[in-house]
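Trainee: If you want the building blocks of each chain, they are given just below.
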Amino acid sequence: MEVTILVQAADESFRILEESRNRARQVLDTAARLTSEAQILQRKRVEAIFKGAKQTKAEVIRFISTFILLLGFWLLLSGHYDLFHISIGVLCCGLVSHLSHDLLFANPRAGDMRVIVKRFIVYVPWLMYQIVLSNLHVARLALWPKRLIDPKIIEFKSKLESDISMVTLANSITLTPGTITVDVKDGIYYVHAVSKKVAEDLMTGEMEDRIAHIFMEADHVYVQDVLDMAPIFVELK
Amino acid sequence: MIIKRTIDMTRQSDDVIVKTLSRLLIPFIQIYALYVIAHGHYSPGGGFQGGVILGASFILLVITFGLDNALRRMTERLNTILCSLGVFIFAGIGLLCIILGGNYLDYGALDKIFHVGIAQARSLGILGIETGVGIAVMAVMTSIFLDISTGGLPSTKERNQSD
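Chains as they are written, first to last, in the working numbering: chain W, 1 to 237; chain L, 1 to 163.
For the record, the hints were derived by calculation from the structure and aren't laboratory data. Just so you know, even glycine gets a beta-carbon here, dropped at the ideal spot from N, CA and C. A few of these clues could be false.
[Claimed, not checked] Label pairs and their calculated CB-CB ranges:
| no. | chain 1 | residue 1 | chain 2 | residue 2 | range |
| --- | --- | --- | --- | --- | --- |
| 1 | L | Thr75 | W | Val60 | 20 to 26 Å |
| 2 | W | Glu235 | L | Asp68 | 55 to 61 Å |
| 3 | L | Asp68 | W | Ala139 | 44 to 50 Å |
| 4 | L | Ile99 | W | His80 | 26 to 32 Å |
[As the list claims (entries may be wrong)] A short, non-exhaustive set of chain W residues, derived as facing chain L with CB atoms under 7 Å:
| no. | residue |
| --- | --- |
| 5 | Ile88 |
| 6 | Cys92 |
| 7 | Leu103 |
| 8 | Val167 |
The whole structure should be built from the sequences, with the hints applied where relevant.
Mentor: Quick look at the structure:
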């Protein structure tokens, strides 16, 4: 009899212990969840503050660079360098950069602007040379007694990614005599070429490679890089 | 039979060339317009021409980036205010000259306020008039274009608000 009471009491105490342990675990779990939620909230808030600060900073940088560029353009146009006209210019540049500071530098990649400008300046003489070459070719087409003209529309998929490089390629193609960019849709160029040679020149993709080199587009083997590497390979041989 | 054609001006242009080039050119067009307005008393140009160029830059913005983007920069309310502000500046300077004892738009009378000499006062008065004309022309050009191109249809934002 006493033994059964004892066993019952032991059972009861074990049960109570188990229950209290479960409850304690629940309380601890809830506390842990609450603290982790609070931490996540806190982190999100801090991140939002930092992100906002970063955005404002980017906006201010864009505003200032637009302002400087426009002020330079204004000074170029205006021939009057007295205080009155320059102050009007500062006012107008401020107004325009406030209105359209997000247009000129819509998606800048930090730090590589100088390299892009340098490479673009190197690119322009090459483009001029190409224009002269194709000018001579088109003149030959026009003056040759036989009909060499074979107009067609060629299409090719470009590997360029950013809008500015795509536009540069399209305008370079149009600037070169004999070829005209008809349309650009989803990275596919539709180009009108006046003869077979012009089309083949375009399809070698040298112009595209050079433009990819200017704007530092990824996943490209640049012609310039290959040319730079060539002497090393020769020496290795 | 009447064929009803509506062009959805809230849509952006899908041509990457047009979009990028107008993005790069619009700030320069605007600064050129302001230059034409501000140097109207020295060189060819002036309020009307500059205002038209400024209005054209907004029209280019509407064509390439859609109505909503353009209205975020300049709301129709602001446009209407600028319309009347330009006329107010023009008429205000003219009337100010009468109040100061000259004829209507006789800028020499403005010398009594600014004390910069009659010739300089005339120059400043012309600049003020040019600014007023420029603002008015820009706002009116833009609002005429907006009214015609949208056919009186509300923008997406207004449509969403009314829904």
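Trainee: Given isoleucine 88(W) as an interface hint, is the shortest Cβ-Cβ distance to chain L below 7 Å?
Mentor: Nearest chain L Cβ about 5 Å off; hint holds.
Trainee: Does valine 167(W) meet its interface restraint, that is, does its C-beta lie within less than 7 Å of any C-beta in chain L?
Mentor: Hint on valine 167(W): holds, closest Cβ of chain L at ~4 Å, below 7 Å.
Trainee: Holds or violated: 20 to 26 Å for the Cβ distance of threonine 75(L) and valine 60(W)?
Mentor: holds, 24 Å
Trainee: Just to be careful: measuring from the Cβ of cysteine 92(W) to every Cβ in chain L, is the smallest value less than 7 Å?
Mentor: holds, 4 Å
Trainee: How does the Cβ-Cβ distance of isoleucine 99(L) and histidine 80(W) compare with 26 to 32 Å: does it lie in that range?
Mentor: Given a distance of about 31 Å, which is inside 26 to 32 Å, the answer is holds.
Trainee: Can the suggested window of 55 to 61 Å be confirmed for the beta-carbon pair glutamate 235(W) and aspartate 68(L)?
Mentor: For aspartate 68(L) against glutamate 235(W), whose Cβ atoms are near 60 Å apart, the range 55 to 61 Å holds.
Trainee: Are aspartate 68(L) and alanine 139(W) spaced within 44 to 50 Å by their CB atoms?
Mentor: holds, 49 Å
Trainee: A closest beta-carbon separation below 7 Å is what the hint needs, so does leucine 103(W) meet it against chain L?
Mentor: holds, 5 Å
In terms of the numbered hints stated before, the structure departs from none.
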